[in-house]
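There are 2 protein chains.
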Amino acid sequence: MANGGGLRMLAEHACFGGVQGFYEHDSGVCRAPMRFSVYRPAQASTRRVPVLYWLAGLTCTEETFMIKAGAQRVAAELGLMLVAPDTSPRVRLPGDDVHGDFGLGAGFYVDATLAPWSKHYHTYSWVTQELPALVAQAFPASGAQGIFGHSMGGHGALVCALRNPDRYRSVSAFAPIAAPSQCPWGQKAFAGYLGDDRAEWAQYDASELAARRGFATPILVDQGTADEFLTVQLLPDRLAEACRASATPLQLNMREGYGHGYWFVQTFVEGHLRHHAALLAA
Amino acid sequence: MANGGGLRMLAEHACFGGVQGFYEHDSGVCRAPMRFSVYRPAQASTRRVPVLYWLAGLTCTEETFMIKAGAQRVAAELGLMLVAPDTSPRVRLPGDDVHGDFGLGAGFYVDATLAPWSKHYHTYSWVTQELPALVAQAFPASGAQGIFGHSMGGHGALVCALRNPDRYRSVSAFAPIAAPSQCPWGQKAFAGYLGDDRAEWAQYDASELAARRGFATPILVDQGTADEFLTVQLLPDRLAEACRASATPLQLNMREGYGHGYWFVQTFVEGHLRHHAALLAA
Numbered sequence: 021m022a023n024g025g026g027l028r029m030l031a032e033h034a035c036f037g038g039v040q041g042f043y044e045h046d047s048g049v050c051r052a053p054m055r056f057s058v059y060r061p062a063q064a065s066t067r068r069v070p071v072l073y074w075l076a077g078l079t080c081t082e083e084t085f086m087i088k089a090g091a092q093r094v095a096a097e098l099g100l101m102l103v104a105p106d107t108s109p110r111v112r113l114p115g116d117d118v119h120g121d122f123g124l125g126a127g128f129y130v131d132a133t134l135a136p137w138s139k140h141y142h143t144y145s146w147v148t149q150e151l152p153a154l155v156a157q158a159f160p161a162s163g164a165q166g167i168f169g170h171s172m173g174g175h176g177a178l179v180c181a182l183r184n185p186d187r188y189r190s191v192s193a194f195a196p197i198a199a200p201s202q203c204p205w206g207q208k209a210f211a212g213y214l215g216d217d218r219a220e221w222a223q224y225d226a227s228e229l230a231a232r233r234g235f236a237t238p239i240l241v242d243q244g245t246a247d248e249f250l251t252v253q254l255l256p257d258r259l260a261e262a263c264r265a266s267a268t269p270l271q272l273n274m275r276e277g278y279g280h281g282y283w284f285v286q287t288f289v290e291g292h293l294r295h296h297a298a299l300l301a302a
Numbered sequence: 021m022a023n024g025g026g027l028r029m030l031a032e033h034a035c036f037g038g039v040q041g042f043y044e045h046d047s048g049v050c051r052a053p054m055r056f057s058v059y060r061p062a063q064a065s066t067r068r069v070p071v072l073y074w075l076a077g078l079t080c081t082e083e084t085f086m087i088k089a090g091a092q093r094v095a096a097e098l099g100l101m102l103v104a105p106d107t108s109p110r111v112r113l114p115g116d117d118v119h120g121d122f123g124l125g126a127g128f129y130v131d132a133t134l135a136p137w138s139k140h141y142h143t144y145s146w147v148t149q150e151l152p153a154l155v156a157q158a159f160p161a162s163g164a165q166g167i168f169g170h171s172m173g174g175h176g177a178l179v180c181a182l183r184n185p186d187r188y189r190s191v192s193a194f195a196p197i198a199a200p201s202q203c204p205w206g207q208k209a210f211a212g213y214l215g216d217d218r219a220e221w222a223q224y225d226a227s228e229l230a231a232r233r234g235f236a237t238p239i240l241v242d243q244g245t246a247d248e249f250l251t252v253q254l255l256p257d258r259l260a261e262a263c264r265a266s267a268t269p270l271q272l273n274m275r276e277g278y279g280h281g282y283w284f285v286q287t288f289v290e291g292h293l294r295h296h297a298a299l300l301a302a
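Chains as they are written, first to last, in this note's numbering: chain W, 21 to 302; chain A, 21 to 302.
If you're looking for bench data, these hints aren't it; they were derived computationally from the structure.
Heads up, the list lumps identical chains together, so a pair's fine if it works in one copy or across two of them.
Simulated crosslink set (DMTMM-like; lysine to aspartate or glutamate; CA at most 20 Å straight-line):
#	residue 1	residue 2
1	Lys88	Glu290
2	Lys88	Glu32
3	Lys139	Asp117
4	Lys208	Glu248
As the structure is a prediction and not an experimental result, all values here were calculated from the model.
Working from the sequences, and respecting the hints, build out all of it.
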C-alpha cells in the first residue's frame, strides 16, 4: 500500500494468499474521517487488478461484508480487488442514532442537501469519485471497476452504476431497495437527506434511472423469496419493469426460501463475483 | 428438527441449500440454558449425516464460527452437519466478566471442580455427552462424529477426541492452546476451575494426553507464523513432541504470515472439512 491522501492503515491480515486490510482517510467531500476495507488478492502484488466495490446495507460497516460474505476465497481465485466503504460518516449529529434506517449506518449513498446532513453525508460523491481516486493512488487498481451491494447497498450500487456507466463496467445486487421513492425506507431517507423535491429523488432511484438510462451490460440481482422486506421495501418488480422499458438485460434470480441477511448473500456471492470478473476482464 | 429435551429454536435461515439454525436448551450438566448452532446440509433432509463439532475460542459464542469461517459451503458439498456450542454458560457469577480469558466466554471445555464455577461450568461433559445425545435425538445425525476448534477451542477439540476415541473418529485444530498446563492462559483457567492439583490439569492437557494415549487417525493442525500468541500461549511444538512420543501421526501446517483470527481460519477451513469428511465416511 502506497501512502496516498492521508490514508491510515488500521489493520492488515493475511487471507487466502492476499491481504485483508482496514483503512481510514480524511474525506474532503464528507469533511470527516471515513473508513473502508480492501481485500487485495495475491495477483495484486505483481500487477494492477480490477476493483469490485461492495456497498453494504443498513446498520453495517466496512467490516460486515469482509467478515460475513466469504467473498475473499473467490476474489483470490479470480484476481479481483474488493473494496467495501462504510455506510455513513461516523460524525455525531443530533438524532442520528435514534433510527436504524436514517443517519449513522444509513447514508443511503446520496449527497445530502438538507442541514444538518448536508455537511457530512456526501457518500454518493465519496463512493463514486473520491474513494476510487484514493484507491487508484494507494493500491494496484487497474482502472476496471464493478460495483455490487446488499439492500440499501444494492440500491446504492445500482444508482452508482446507472449514473456512471463510464466508471463501472458491471453491476449486481442482493435484495436491493429497488425503487426507494416508492417504499418507506427510501421515502424517509430521501425526505430527510434531500427534501421534498421528487426530481431530486429520481436521481437516486434505481428503477427510475434504469427506465430512463438503461445499462450496457446485464444487471444481476438475487432476491430471497422468504425475505421479510421483499414486498414492502425492496420491490424488485419495479426494477424488472424499468429494465424492460429500456431493454436492459436483467437476470433476476428469485431464491426460494432464502431470507434477507448474509446467510443468503454468502450462498450466492460466488456467482456475483464471477459475473463481475467476466465483464471486468472483457 | 424434532423437539427433544426442551430444545428451543431461536432462528433458522436457508444457507447453501441447507439450514443454518440457532438453538437453546436447558442443560442438566451445566444447570443453565446453553446455546449452540447447527448447520444441516441438504443431504440431511433425506438421510442421517456425520456430525462435525466446532469448539470456538476465547470471547466467542455459538455464532462466531457460523458467521466468520465460511464453512457451510464446503459442508453442503460434503454432506456434513456442523454443530458449534457456546463457549461457556451465560449465567452471571461474581467476577465472571472481569477477564476475557476466564469465566464468561472462556469455559475452556472443562468440568470445573472449584466453587462458584463448579455449579455451572461443566462444558466438557456438555460438549462430549449431553449435547451429542440431544443432537442425535433432534437432528438427523448418523453417529459418526468428528471435532475441531480454534485456539481455546482447538485445545478443547484435542482433549475431547484424545479422551474419547470411541466417540470421535477425527480431530483437527487451528492455532490450538496445545499445552495449557505450560502457558499463562491455561494455567489461569485450570487453577481457577480445577485448583492446584496438576494431575487434574493433565486430564485437560492435549500434549500430555497425546503423549500418553495417542490417537488412531491423523491429527491435523494449522498454525499461522504471524500469530501473536504462538510462542507464549499456543506451543504447538509440545504437541508435536507428544505425538512423536506416542507415534500419533500429526500434520502440523505452519502457515507463513497468517495471524490468529478467522481471516486465517477461513483460508484453511476447507482442508479441515475434507480431512474430517474422509475419515467420517470411512
